[in-house]
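The sequence shown begins at 0 in numbering that gives the first Met the number 0 and counts up by one.
Note that these hints are calculated values from the structure, not bench results. Please note that a few of the clues may not be correct.
Stated by the list, open to error - Listed below are the simulated DSSO-like cross-link pairs for lysine-lysine, each with C-alpha atoms no more than 30 Å apart in a straight line: (1) 307 / 432; (2) 36 / 269; (3) 407 / 460; (4) 407 / 36; (5) 146 / 131; (6) 460 / 272; (7) 251 / 430; (8) 251 / 432; (9) 307 / 460; (10) 223 / 7; (11) 305 / 430; (12) 223 / 251; (13) 223 / 497; (14) 396 / 430; (15) 146 / 497; (16) 272 / 297; (17) 269 / 235; (18) 305 / 460; (19) 432 / 7; (20) 7 / 460; (21) 396 / 363.
To be verified - Listed next, with one range per pair, are the computed distances between beta-carbon atoms: (22) 494 / 427: 38 to 44 Å; (23) 68 / 335: 39 to 45 Å; (24) 432 / 338: 30 to 36 Å; (25) 346 / 75: 27 to 33 Å.
Positions of the beta carbon are idealized from the N, C-alpha and C atoms, including for glycine.
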Amino acid sequence: MAKGRSKKVVIIGAGLGGLSAAIRLLAAGYQVELYEKESLAGGRAQLIEQDGYRFDIGPTLLMMTDVLEQTFAVAGKNMGDYLELQQLDPNYRIAFADGSGMVLTSNLAELTKELAAIDPAAPQQFHRFFAKLAMMYRLGRDRYIDKNFDSLFDFIDPVSGLNLLRHGGLRSLYGLVGSYFTDPRLRQAFSFQSMYLGVSPYDAPAIYAIIAYMETAGGIWYAKGGMHQVPRALAKLVGEMGGVIKLNAPVKRIVVESGRATGIELESGKRVKADIVISNADLSYTYNQLLTPLERPKMSDRRLSKLKQSYSAMLFYWGVNADVSNLEHHNVVFSQDYKANFDQVFNQNVLPENPAFYTHVPTKTDPTVAPEGRHVVYTLVPVPNLTGKVDWAQAEKRLRQHVLTTLKQRFGVDLSRSIETEVVFGPHDFKTKYNLPDGAAFGLTHTLGQSGYFRPHNYVKGVSGLYLTGASTYPGSGVPMVLLSGKLVAERIMRDIKK
Numbered sequence: 000m001a002k003g004r005s006k007k008v009v010i011i012g013a014g015l016g017g018l019s020a021a022i023r024l025l026a027a028g029y030q031v032e033l034y035e036k037e038s039l040a041g042g043r044a045q046l047i048e049q050d051g052y053r054f055d056i057g058p059t060l061l062m063m064t065d066v067l068e069q070t071f072a073v074a075g076k077n078m079g080d081y082l083e084l085q086q087l088d089p090n091y092r093i094a095f096a097d098g099s100g101m102v103l104t105s106n107l108a109e110l111t112k113e114l115a116a117i118d119p120a121a122p123q124q125f126h127r128f129f130a131k132l133a134m135m136y137r138l139g140r141d142r143y144i145d146k147n148f149d150s151l152f153d154f155i156d157p158v159s160g161l162n163l164l165r166h167g168g169l170r171s172l173y174g175l176v177g178s179y180f181t182d183p184r185l186r187q188a189f190s191f192q193s194m195y196l197g198v199s200p201y202d203a204p205a206i207y208a209i210i211a212y213m214e215t216a217g218g219i220w221y222a223k224g225g226m227h228q229v230p231r232a233l234a235k236l237v238g239e240m241g242g243v244i245k246l247n248a249p250v251k252r253i254v255v256e257s258g259r260a261t262g263i264e265l266e267s268g269k270r271v272k273a274d275i276v277i278s279n280a281d282l283s284y285t286y287n288q289l290l291t292p293l294e295r296p297k298m299s300d301r302r303l304s305k306l307k308q309s310y311s312a313m314l315f316y317w318g319v320n321a322d323v324s325n326l327e328h329h330n331v332v333f334s335q336d337y338k339a340n341f342d343q344v345f346n347q348n349v350l351p352e353n354p355a356f357y358t359h360v361p362t363k364t365d366p367t368v369a370p371e372g373r374h375v376v377y378t379l380v381p382v383p384n385l386t387g388k389v390d391w392a393q394a395e396k397r398l399r400q401h402v403l404t405t406l407k408q409r410f411g412v413d414l415s416r417s418i419e420t421e422v423v424f425g426p427h428d429f430k431t432k433y434n435l436p437d438g439a440a441f442g443l444t445h446t447l448g449q450s451g452y453f454r455p456h457n458y459v460k461g462v463s464g465l466y467l468t469g470a471s472t473y474p475g476s477g478v479p480m481v482l483l484s485g486k487l488v489a490e491r492i493m494r495d496i497k498k
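Could you put the whole structure together from the sequences, leaning on the hints where they help?
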């Protein structure tokens, strides 16, 4: 094959995975063009501006900042010249159903005090739990997260496989957490993070407990100006490196000729030739809408139908003129029945009566995202995806009132007459704006059968030159994971070219 410098790569979508892959391929000498259907790069990490307020649509927190730093370093750049990151303290304020609460922090001395106030035995329990997570993180990052898998033996090689089993990696996340903490509130506080992956802690493999470790050991970070600044900075770097991003350019299909991807066709009818095609569109959408069944011989309709999608979300973006001093930057409110709430949303596909939710107040850290003296209040309520039989118009009204009532009861924050501007984003919006099947906000969920090697791979079997990146391939959902998916697909392409 010709050297990489003569190869043209076309990427469908300028989300974080596509941008990450583009930077690494540009650094290796490839020609890269990205085609994005929206007017901004970023995928789900986009922005809504309304009445002087700036709302992040999707991701609101950042962990594993070294992954982002490495993305800039590949291009010989310093991340600090493009982004200003700030570590948050505390990480969260948590409100339990019994009226008690606590803060989670990366300051271990302060965290110890918080834990002891909940349960005098908890500090010692946490010490053992944290040591376990540190071992799982060291094992999991290199062997299961930042790695391409070519065979099942890559995933379960004898040494790493036995170590993972020994550390409880195949039990449920909640089961692992519950084996260390006796107080049910602390079991909730260190297991809810699986929500970022679109999966219940009762169904998530225990390896995902490392999210709680990453939050505590590495901290939770915020990008000044909003999380949308991350893809904006990456897009700027792509341009500086000679890459091209075409906005408002939706792709109609991937062109496949004689079992090889040879380019794309835009909705406008224009064809773009390429040596290599990467789809950063949702994986299920790519297979179902951008390829015909004959063009994907190794991925049948039956196999596609068996892929399990994540839950969805109802998001309320409020610009408020109110006192929010009792809220932190990140806040989590748990429901009365923790397990039932997850079962209803994730497994029964019904709307809980009083669901748990997450509230993000970026103006606690960054007043520039709202008019002077005002605040941004962003609330995410996990809800069933569109396979559930839900009256969404009624659900929106009921959930809105539930959030307002609960914020007043749990935090003393009354927003009922203080909302100056409002945007609501729900399951149908995830489906239409982001081409996410069933409005599944996090793409494919992260059960054991859809994790690691068992998650759909980042190349299309049976179609040469066609690759995948994004939340629904491995390693999975979340900003650092999607950035790593871009890294991994670029590494796979460069390795394949050398064959």
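To see whether the hints hold, each was checked on the structure:
The suggested pairing of residue 307 with residue 432 holds, with an alpha-carbon distance near 20 Å, which does not exceed 30 Å. For the hint linking residue 36 to residue 269, the alpha-carbon distance of about 14 Å falls within 30 Å, and the restraint holds. Using a Cα cut-off of 30 Å, the hinted pair residue 407 and residue 460 is violated, with the two alpha carbons roughly 53 Å apart. Distance check on the hinted pair: residue 407 and residue 36 sit about 40 Å apart at the alpha-carbon level, beyond 30 Å; violated.
For the hint pairing residue 146 with residue 131, the CA-to-CA distance comes to about 22 Å; that is within 30 Å, so the pair holds. With a C-alpha separation of about 21 Å, the suggested pairing of residue 460 with residue 272 holds against the 30 Å cut-off. Restraint check for residue 251 and residue 430: the C-alpha separation of about 16 Å stays at or below 30 Å, so the hint holds. Note on residue 251 and residue 432: the hinted pairing holds, with a Cα-Cα distance of about 15 Å set against a maximum of 30 Å.
Of the pairs offered as hints, the one joining residue 307 and residue 460 holds, with about 20 Å between alpha carbons and a cut-off of 30 Å not exceeded. For the proposed pair residue 223 and residue 7, the alpha carbon gap of about 34 Å is over 30 Å, so the pair is violated. About 19 Å separates the Cα atoms of residue 305 and residue 430, which keeps this hinted pair within 30 Å; it holds. Proposed proximity of residue 223 and residue 251 is contradicted: the alpha carbons are some 35 Å apart, above 30 Å.
At most 30 Å may separate the alpha-carbon atoms for a hinted pair to count; residue 223 and residue 497 exceed this at roughly 40 Å. Between residue 396 and residue 430, the direct Cα distance comes to roughly 20 Å. Compliance with the 30 Å bound is thereby established for this hinted pair. With a C-alpha separation of about 18 Å, the suggested pairing of residue 146 with residue 497 holds against the 30 Å cut-off. Simply put, residue 272 and residue 297 have alpha-carbon atoms about 24 Å apart, close enough for the 30 Å limit, and the pair holds.
Distance check on the hinted pair: residue 269 and residue 235 sit about 25 Å apart at the alpha-carbon level, within 30 Å; holds. Under the criterion of a C-alpha separation no larger than 30 Å, the hint pairing residue 305 with residue 460 is consistent with the structure, at around 17 Å. Proposed proximity of residue 432 and residue 7 is supported: the alpha carbons are some 28 Å apart, at most 30 Å. Restraint check for residue 7 and residue 460: satisfied, since their Cα atoms lie roughly 21 Å apart, inside the 30 Å limit.
For the hint linking residue 396 to residue 363, the alpha-carbon distance of about 27 Å falls within 30 Å, and the restraint holds. In this structure the hint that residue 494 and residue 427 lie 38 to 44 Å apart at CB holds, the actual value being about 40 Å. For residue 68 paired with residue 335, a C-beta distance near 42 Å keeps the hint of 39 to 45 Å intact. Take residue 432 and residue 338: their Cβ atoms lie about 32 Å apart, and the range 30 to 36 Å holds.
At about 48 Å, the CB distance of residue 346 to residue 75 disagrees with the hint of 27 to 33 Å.
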